[in-house]
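> Sequence:
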Amino acid sequence: MGLLHNMGLTVSDRHAFAAAVTAATALIVAGFTVSVEAAERPARPVDVMQVRAQDIPMTASISGSIAARNQHDLSFRAGGQVTDILVDVGDRVSKGQVLASLDTHALQASADLAAASVSSAEAQLTQAQADFNRQKTLYADGNATRAALDAAQASLDTAKSGLTGAEALAASAKEVLSYAQLPATADGIIVARSVDAGQVVQAAQPVFTVAEDGPRDAVFQAYERALEGVPRDVPVKVELLASSTVVATGHVREISPTIDPSSGTMRIKVGLDPGSPFMPLGASATGSIPLPPQHGFALPWSALFRDRDGPAVWMVDTASDTVSLQPVVIGRYLDKIVIIASGLKDGATVVTKGAQLLWPNEKVSPKAEVSQ
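Going by my numbering, 884 is the number at position 349 of the sequence shown; the sequence numbering is gapless.
The set of hints was computed from the structure by calculation and includes no laboratory data. Honestly, I wouldn't trust all of these hints.
Unchecked claim - Below, simulated SDA-like cross-link-like pairs (lysine to any residue); rule was C-alpha separation at most 25 Å, straight line:
| no. | residue 1 | residue 2 |
| --- | --- | --- |
| 1 | Lys695 | Gln664 |
| 2 | Lys630 | Ala658 |
| 3 | Lys772 | Lys804 |
| 4 | Lys880 | Pro835 |
| 5 | Lys871 | Glu759 |
| 6 | Lys871 | Ser855 |
| 7 | Lys772 | Pro792 |
| 8 | Lys871 | Asp842 |
| 9 | Lys898 | Ser837 |
| 10 | Lys898 | Gln829 |
| 11 | Lys695 | Ala739 |
| 12 | Lys902 | Ala854 |
| 13 | Lys888 | Thr853 |
| 14 | Lys772 | Ala602 |
| 15 | Lys630 | Asp647 |
| 16 | Lys898 | Ser859 |
| 17 | Lys888 | Pro835 |
| 18 | Lys630 | Ala739 |
| 19 | Lys902 | Asp881 |
| 20 | Lys880 | Ser855 |
| 21 | Lys695 | Ala641 |
| 22 | Lys695 | Ser652 |
| 23 | Lys709 | Ala641 |
This one's a predicted model, so the numbers in the text were calculated from it and none came from an experiment.
Please work from the sequences and hints to get the whole structure.
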């Protein structure tokens, strides 16, 4: 304090100067403490991998369900009120089996009316034929004019046409009456029903959807990127989700040319090969499609680090056991690994576990290296 007094400082100045010295001393001590702690901090243990570029086998995993290759709607060929629904979803049906019926009262009335029209036309034809025969005899005897004979002939022709038309209408009404029953057109299983008993339907309105017996497809929904490079003849492994022991092989039969706007996926149909094990309709299934191999570095997802500039990995300097951040370009994301297209070199040591806890130049303790 004597020194401060000799410097000519006031009491207030001397207090401020003493406080500043005290604060500076505290910062120096604190900095020294942090440096000591950093120096004494143990190296962080991490899992590492020495990477090498290679051709990595690729497989696209997709999910979907089993469906009939041939599926169609059934509908009445005439309109009316549905009186009977004889089958339901899940029922097996045979070709020719009656599945539903319409109320026949109106159809029967039309058929009866058409039959009565035929009887009337037949009576008119009989009368016209008799009139013509009489006029023909009178004309031959010179007791009738040619005009009278021609008129009788015209009446006869009209009666014949009338009968022909009435018979056609009667046949049509009889045929329509047979439309009151809806038969199965093929053996299969009912997979949908759109109408209830008592409902009034129009001709050609769908009533049932039938999945025909025969070939089966595995129908999948997949993103366009997952289907890149898939050839049509590639074998596909199809496995039931409920039982991994039920496995079949099929081939890509159809890839939809359009993308579903609601899901952003494309439909792919895989035809199951003949002799495949039984797979029930609607069963959930997974498919594995082999793809062309991709060249790059395979790393587990845990090796990725998100830098502000994009994806990166931590590389280990084996001489100093310190880490540095290395930006990389992702080639493809797979179920358990990610393929690095560029940014790494053969022989580089990359942190595969613990990447989210590291800082640049941090000292690490690599565990036993695992080669790629």
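> Taking each numbered hint in turn, which are not upheld by the structure, reported in ascending numerical order?
Going through the list in order, the structure violates hints 2, 6, 10, 11, 15, 21 and respects the others.
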